[in-house]
Structure formats: structure tokens, C-alpha cells
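Novice: With the hints as a guide, bring the two chains together.
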Amino acid sequence: METILAITIGGLYAAGLYMMMRRSIVKLIIGLFLLGHAANLLIFTVSGLTRGQPPLIRPGEQTLTGLFADPVPQALILTAIVIGFGVQAFAVVLIKRAYQAVGTDDLDQIKGTDI
Amino acid sequence: MSFLLLLPILIPFITAIIMVLLWSQRQVQRTLSVVGAVGLLVAALSLLYSIWQNGIQAIQLGNWPAPFGITLVADLFSAIMLVMTGLMGLVVAVYSLASIDRPRESFGYYPLLHILLMGVSGAFLTGDMFNLYVWFEVMLIASFVLLALGGERAQIEGAIKYVTLNLLSSALFLAAVGILYGLAGTLNMAHLARILPTLAEPGLVTTVAMLFLVAFGIKAAMFPLFFWLPASYHTPPVAVTAILSALLTKVGVYSLIRVFTLIFVQESGYTHTLILTIAGLTMVTGVLGAVAQTEFRRLLSFHIVSQIGYLLMGLGLFTSLALAGTVYFMVHVILAKSALFLISGVAYYLYRTYNLKQLGSLYRLYPGLSSLFVISAFSLAGIPPLSGFWAKFALVKAGLEVEQYAIVAAALAVSVLTLFSMTKIWAEAFWKDAPEETTLNPAPKLLTGFSPLMVPIVFLAALIVVIGLWAEPVFLLSSQAAEQLLNPTEYIRAVLGGAS
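As you go down the protein sequences, you meet chains G and W in turn.
To convert, note that position 114 of the first sequence is 113 in numbering that gives the first Met the number 0; the numbers rise steadily by one, no gaps.
To convert, note that position 494 of the second sequence is 493 in numbering that gives the first Met the number 0; the numbers rise steadily by one, no gaps.
Isolated chain W (complex conformation) (with noise of 0.2 Å):
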């Protein structure tokens, strides 16, 4: 069973070669790309099936055994990451088709996704601190090439900010590894959770914890060091923001949530309040950036940062309620984002622009198209019966219980100026008359039946109202995850085996 461990890496990994092999066969790699795709969604899924039959599952490559081999794991909350990205990398393969240049296409994109989604699923399965690291950059180089492909101006601009930040991250990353290292002799992640706590000096622990935090939190776009996002995430074509927006900030939220429930959980009356304060700040600062928008994309680059606080909101609650609660919002707001950016990508198809005062009458030309916005968007605002409001729903009702009012108001206030921003461009984009200047794409063939410009969005909406009408079997799946995080104990046996 365990070799359904190393498909997620090795499905992606086999395409983008076969890919780089047939460089010049434009139509191939298309294909490949969405077959590809769909061959990494199923070996997730299946994955997930597997550990909800049978618990947690390890493997140790090369047979050396846990401390010292490299491992990959995959617990629930792993699992449904790894589904998370087949389902985005599947979702953007098809849009890609239809929004995707000549160009573009021609300079290895599509290779480019592929290794993307290969260093993603990577982060998630590996149970190796250093390993981690290894795939962090797997992941950032394809993201630097994604994001400077085509060589843009604006592109350019924005790949400088982001590598630079992201650069800086890694080297504190890695300086925080060594220092682990120096301090446990090992760094696989469930050996360091027996040995740190037998240590004797538990403020260096607590010390480079302070350092994965800085290291994550700028991968994950926490306050205050998120201001590379809004900076470069606008920059791209659509469906690279629309995947980077997806999975990037994801997997550092990801790394936040594995180190914190797992590795350093010794004082977590400090660490876990400060993550609940950061989330607090996190939200408030990224909406009140949306707020101020004018352009489509950047509106939405500062909501990826306020729904970040969410997910931490979760983390630093750390009680059972509050983990399932982000495992639920994080589902919720990939597939709620991604809905968006994909809308905003059809509106600068019509127009040729993403500037909200120049776009307009859409609601009149495509009620279609508004309808898949609304719910997205009233999804991502946590309306109810859509996803966003049962994500919210648990954690607000975790933060009540343990008497944490301020972040609970927080989360509750930012709701309402999230609905505020959803509303304007609802106004701007849909609502109003378009501008007499502005130009509507005369052939919109795209977007008349099943094309690859619509599927996605109408699939992804789908799945909002889906998982919001029928929250439970997702919410038991997310409480089960949470239950994993929150004692160690099955992960830490599933990796290095005997009683723990």
C-alpha cells in the first residue's frame, strides 16, 4: 500500500519530464498536462481513502530506517492537502488551455505547473525537516519561472520582489534547521518531537521556533511580512496567480500548522498566543489593504492575506474544534479563491483590463458569469448555507469556548468588510454601465458552452455549494485530521514504530 505515498511526487514528476522530452510538441503537452493532472487527483484521492481506512502511513526511502532515512508521511490533514493540489493543479491545467499564450506555452509552461505541483506535494508528504526545505525550493523555482515567464515589465518588477523575500525566507529556514539540528542531532520530524522535550535548555527550543515562525510566516504571507503578495501576485497571467494563490501561502500555513502541533508544542501558552495575535493583525491589515483596491487581482492578493489570519486563527486556538475548523476553511477558501481569480480572468478576456472602474455590465451580458461570482464570493464572505460559513462558524464558536473575545470580533469584523469588498466589485464590475471608452472583446467564443475558460469556474462553485449543503462528511473528515494533529502519537509510531 505504501507506494501510494510517493505517487503524488513521482505522477508530476514522470509528466513534467515526459513534457521537457517533447518540447517542441506544443499539443502534446497539453494534453499531457490536463491527463497528467487528473492522474495526480486520483492518486490523492485514493490516498486519502487509504489513511481514513487505515490511519496514518509512513515509508522510508532507501529502506534505512526512521531517524535516519528520509521519510514521507501522510497523515489526514496531509491527505487532504495533497487532494487540495490535485484538484487545483487539475483545475488550472484546463483553464491554462484556453488563457494561456503562444509564447508561454512554447517556454515550458506547462512542464513549469507540473514541477510546481511535484515540490507542492513534496512539502506535504515529507516527514524531514531538511527535506522540507528541499522541497520548499523544488516549489519556489518553479513558482520564480512561473511568475516571470513572459518577461513583462510589471512581471519582472514583481519576480524581483517576491524572490527576494522569498530567498530571504529560505536562508532562514535553513539557518533555523541547522540551528535544530546543532540542538537535537536529528531532523526527522517525529524523532524531534520524543527528543526536544527530554532537552535541557527549553528556551532555545522556544528560539527557533521564533525563527520557523519569521521563515513560514513570510512563505505564508502573515503579517506583518506579507507585503511581497500584493506586490507580484497581480503580475502573471491569471492561472499562475490563480495556482500560486492556491498552494504557495498554503503550504507555509501548512508547515506553521506541522512544526506547531507537532514539534514545538512545549510552551505553547507563548508561541500559540503570539500565532493568535499575528492572525488577529493578519486578517484585520489584509482586508483593510482590499478594501483600498481598485484593480481586480490586487483587491483579491490582500483577501489570500486576510483569509491567512483564519487559518492561523485555528492554529493558535489549538484546541480540537479550532484545528478542524482551519483543515475546513483551508479547503474552503482554495476552492473559494481560486474561483475568483479564474472570474477575474474572464472579466480581463472581455475587457482586456483588470481595473475595476473600466470594467462594467457584466451582470447584463453574462448572468451566467455573475451567479459563479456571487457564490464565490458570498462563500468567501461566510454566508450561509456556502462553505465559507461553516469554516467560520467553527471557528468562532472555538474561540468562544476557550473566552478569547478580541480575536473572535476580529474574525467576525472582518467577515462583514469582507462582504464590503465583494460588494464593490460586485458594483464596479457588474453592477454599472461599463465606460464608454471601455472596448468589450468583440468574439467572446470562450465562453459560449462547455469551453476550458468556464468549466473550471462553474466546477469549482459547484464544490462550494456542494461541501457548504452537505458540510458534514468534510467537517467529520477536518475533525479527524484535527484529532491527528493535536495527539502526535499515531504519527510519531507511524514513522518511527514501537510504543511511543
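One chain only, chain G, in its complex shape (with noise of 0.2 Å):
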């Protein structure tokens, strides 16, 4: 399974880097998105995966026994998600704006404060 999940991650990373060397504005924000996540992929899988052992203390016990998954990657990823959603929605009206204020999605045409 972790392997699986590592070269998903691998490609996600690659994806993304190659859609932010292209010169479209829009394909520069999905490449974003796919980095994110992609560390958000990496996240879970860096914690130790444990399947089918639900963090659930059994009834009559105080605390958690035997194997269980790690309950807090999952918290850490449900508020990257979160985030990350809200600032994408953010780009998403950005590069609409860009487009009407330049006329174009061309990087290569977005350089006036450059020079």
C-alpha cells in the first residue's frame, strides 16, 4: 500500500511542477492545487498507514489498546484540506481577474512590474 501511495505522491509532485513551468496562468494554478495535494498525500503516508484499526477506545477500557491508526495526520490533513480550499478558491477569482485586467493567460505577457 505505502508504495502505491509513494509513486501516487511521486506523480502528483511531477505533475504539478510540470503544470507550473507552463506558461498558462490557469494551468499554473492547477498545478498548485496538485501540490498541495500532494503533501497532503505525503502527510498520511509518512505517519505509518495502519488499515482497518480505527482509533476507537473498546467499551469497559480507559485508553487505546493494540495496533490503531494515528488519529492525528488525519486531523492535520482535514485542515490542510480546509485551507487549502479557501486560498484556492482565492486564486481561482485572482487569475479570473488577471485574465480581465491583462487580457490574456500568457505568463510570458504578465511582466510589467518586472522591470
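Hint data in this document are derived by calculation from the structure and do not stem from the laboratory.
Remember, it's a predicted structure, so these values are computed and weren't measured experimentally.
The hints are all genuine.
With a Cα cut of at most 20 Å, we get these calculated EDC-like pairs of lysine to aspartate or glutamate:
| id | chain 1 | residue 1 | chain 2 | residue 2 |
| --- | --- | --- | --- | --- |
| 1 | G | K26 | G | D104 |
| 2 | W | K356 | W | E294 |
| 3 | G | K110 | W | E294 |
| 4 | W | K431 | W | E294 |
| 5 | W | K356 | W | E436 |
| 6 | W | K356 | W | E435 |
| 7 | W | K423 | W | E294 |
| 8 | G | K95 | W | E151 |
| 9 | G | K110 | W | E151 |
Specialist: So, in C-alpha cells, the structure goes:
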């Protein structure tokens, strides 16, 4: 399972970086989204995968016993997804405004502030 | 006493919420903005006093004991940074009254400013890596909107670069946090400081440290990751530029100092030498970029990069004196750089341009403003007895003590080039006669008496002179902060309790 996820994460990073290298701002933003997803999956994987062992305290016991999935990475990912969602919504609106203001989605044309 | 730790987050939060509720009451928002900033400054000052008296303080949110819950912790360095946040919040809130136009005010400029202050305060206070990420995002989203608010073409173009690079840095930061959790099983900074030295794989820890260096390095605008900064900081209104330049890159530097003094100190021979090299390159490239500029705010933006190099130099040298120099430099550079940006805003108010070629005659027309510029510019270059001299003196002395002559030479040469580019602004904007096609603002009513445009600049210049002439108390404070950074035992004990 770890192998499959590792390959998926690598693929997401590669795809994200490739998209960011393109000249279109839409692809730039999609690339950023992919990097965010890759980071979330990375947290999930490096923290250790435990299948079929929910972190629930069994009836009659006071603490978690035996093998259980670590809930902390899942909480981290949940937070990161929510933050990422907000930031992505802003980014989409920003590129729409950029298209209206500049009239192109070509990054090479958007360099008026570089000179 | 520990509620003092919550106030720097709660005050801007409540201020912003009230302003959002009173969305259409522009006048009320303007008043509240200043009141909220005063409140933040007072809270930060009392926190600093309390820490000076009683030592490092920590609070566990929700009463979960330390490594499990979220910790807020403040040592002297955090408290000093919070005071600077409050100070800059107040200065910019007052300056905004005169310089932000009506449409921006009605689209929520003031609430955003306070959300930004809340994010910055949170980043300075938190004792948890993931929580730091969350505060970074709070701060970033507010800065994104502040940067793009107004929707001018240059602003949108600058915002795209700023947003892209900062989101990339956030993604790296998040990945680094994930790997760190996988390695250590905790994200509480004090707990990490205890656990990491016991791990079997020191090589992996250094690898994660490098990920953090890149992630924070983008935010701190260090070489070679700073290109987003001069491409975006000169586009929004000058009040926004001033608050971003005063606080955002400094949060990046603060995070670097925090993780590389508390958490990643096992292989300091490698990591801190790398930071020192980067510091030198940042100083030199920043100032060389500045020398080539002819736009007032772009020139100053490159200087931000150059000054980041000095801040990193103290961290790279990693001695008590060097870190004290960095803390002092932080206070100095926030004051001097903000004063310069605010002065560029006054020049824009008079001439409606930031282009140095089209400015002129400011010395003849406004000698008072010119002397304020001279104070800030000389302080930035490091002329005694102003604040910049003592900051650079401490850093250079620390460099000589550990025989890092290359970085000392770079620091001194960059000072000369800083002075050179400041004289360039002086010669173009203040000394020469304005070109004939330039039109002066016919009724500069905001330059007379106690206008909100001038009071913040006078205040900042006075502070620069004061902490230059009475450097000793400030330096004593910085040395104490540096001691706490170098010996994190008290920090760890304050968070985790018990003997360490």
C-alpha cells in the first residue's frame, strides 16, 4: 500500500511542477493545487498506514490498546484541506481578475512589474 | 497572568470581527482600526514587561497537557516581535487614514489589516509547528487580498507572482511538517527539541531541516528565492507595502531563527554554515539589485532583501552576541524601512509618481521631510549614532570574534553600497530640481501640522534616534532574548514542565 501511495505522491509532485512550468496561468494554479494534494497524501503516508484499526476506545476500557491508526495526521490533513480550499478559491478568482485586467493567460505577457 | 498571551491574537480578531459587522460604517471602521492597533501595542508591551519580570510564559489551549494540545508560548524574542507588530500596526493604521482611498476602505481594507496583524501575532506566539502553518496561512490570505485590493493591473500582476511563490512555499512547509511528524511523532516545538537528538537518523533530520530552510526562505525572501518580493511589493498602496515589508518577511526570518535555534541544532556545523553563506549572498544580491533601480519603492524592496541577509548573518554565526545583534537589527530594520516606505508615500502624494527621474526639489520645498529621510536612510546604512550602527556593529564584532572574515567584509561592503543607493534617492528626489513636466500637488494640505500622513514618520524617526542614542537598554533586552534562544532549556521547561 505504501508503495502505491509513494508512486502516486511522486506522480502528483511531478505533474504539479510540470503544470507550473507551463506558460498558462490556469495551468499554474492547477499545478499549485496538485502540489497541495501531494503534500496532504505525503503527511498521510509518512505517518504510517494502519488499515482497519480505527482509533476508538473499546467498551469497558480507559485508553486505546493494541494497534490503531494515528488520528493526528488525519486531523492535520483535514485542516490543510480546508485551508487549501479557501486559498484555491481565492487563487481562481485572482486569475479571473488577472485575465480581465491583462487580457491574456500567458505568463510571459504578465511581466509589467518585473522591469 | 497567562491571559496576556491570548490578547495579541484576540484583540485584532475582535477588532476585525466588529469591523466586518459594521461593514458600511466607514468612519467607525477608521476609528476602530486605530483603537484596535493601540490595544494590540499595549497588550504586547505588557506581555514584554511580564516576560522580562517573570521569564518565559506558556499556555496550553483547552487545558490539554503540553505535547498533545496546542501551546502558545512567548519568550523575549517573541515578545519583542509582538511589540514591533503592535507598533507597525498602529503606525500603518494612522497612515492609512490619510493615504487609503475610499473604494479600498469600503471593500474591507481595515478588517483585512487587522486579520493580518492577528496572523502575524499568532505566528510569533505559537509553540506548535502545524499551528505555525495555520497562522502563516491566515497571514498570507490577508496579505493576498490586501495586495490585490483595488484591482489595478500592476497589482494583479504582482499578486500572481506573490501568491504563486507563497503557495509553493506553503506546500513545501506542509510537506516538511508531515515528514517531521513521521520522524518524531510530535509537532510541539519544545517536545521536538527533546525528541530529535534521541532519534537514530540524524541525516534525515537535517534533510527535513533543509526543507524548512527552503520553505521559510521563500517567505523570508533569502537568496536565491527572493524574486517574488521586488516584483510585487511596489504595486499596492504604500501603507500596504509598509506593513508587508515590516512584518511578513520578518515572520519568515523569525521562523527560521526559531527552528534553527530550538529544533535543528544537531548538525549546526553544516546547517549554520549554509545559512551564513546564504546570508552573504542575500546581502550582496539585494543591494546590487537596489543600486540598479530608478523606482523609489522597487529600490527599497531590493533593500528589504539585502537587510534579510544581515538578519540571517546573526543566525548563521550562532553566537550569543550575533543573535543579540540580529534581534537588535530586527527592531532597527523594521523602524527604518517602514519610515522610508512611508516617506516614499509622501513623495507620491506630492508628485503622483514613484519614478525617481520625475521627482525632485523635495529638499527645497520640504526641508523637514528631507531631514526625516536623512535620519532613516543614514540609520539603514549604519551611520553612528543611529540605530543601524549599533546593530551592524554587534553583527560585525560577532563575525570577527569567530573569525568569519568573508561575511564581515560582505557586511561592510554592503553598508557602503546601501549608503550609495540612499544618496541616489537623495540626489534624485530631494536635491535636484524637479523636471519641468512634473506637476506638484497644488494643495498638499496633509503636510501641515499634525496630519496622519506625517505623524507616523516623525514618530518612527524619533524612535530610530532614541534607540540609537540610548542603545544600551534595547541591547540589554536583545542580549537577554539571544541568551534564551541559545539556551532553550527554560523554553522547553516553560512548555513541557518538569526538569529537562
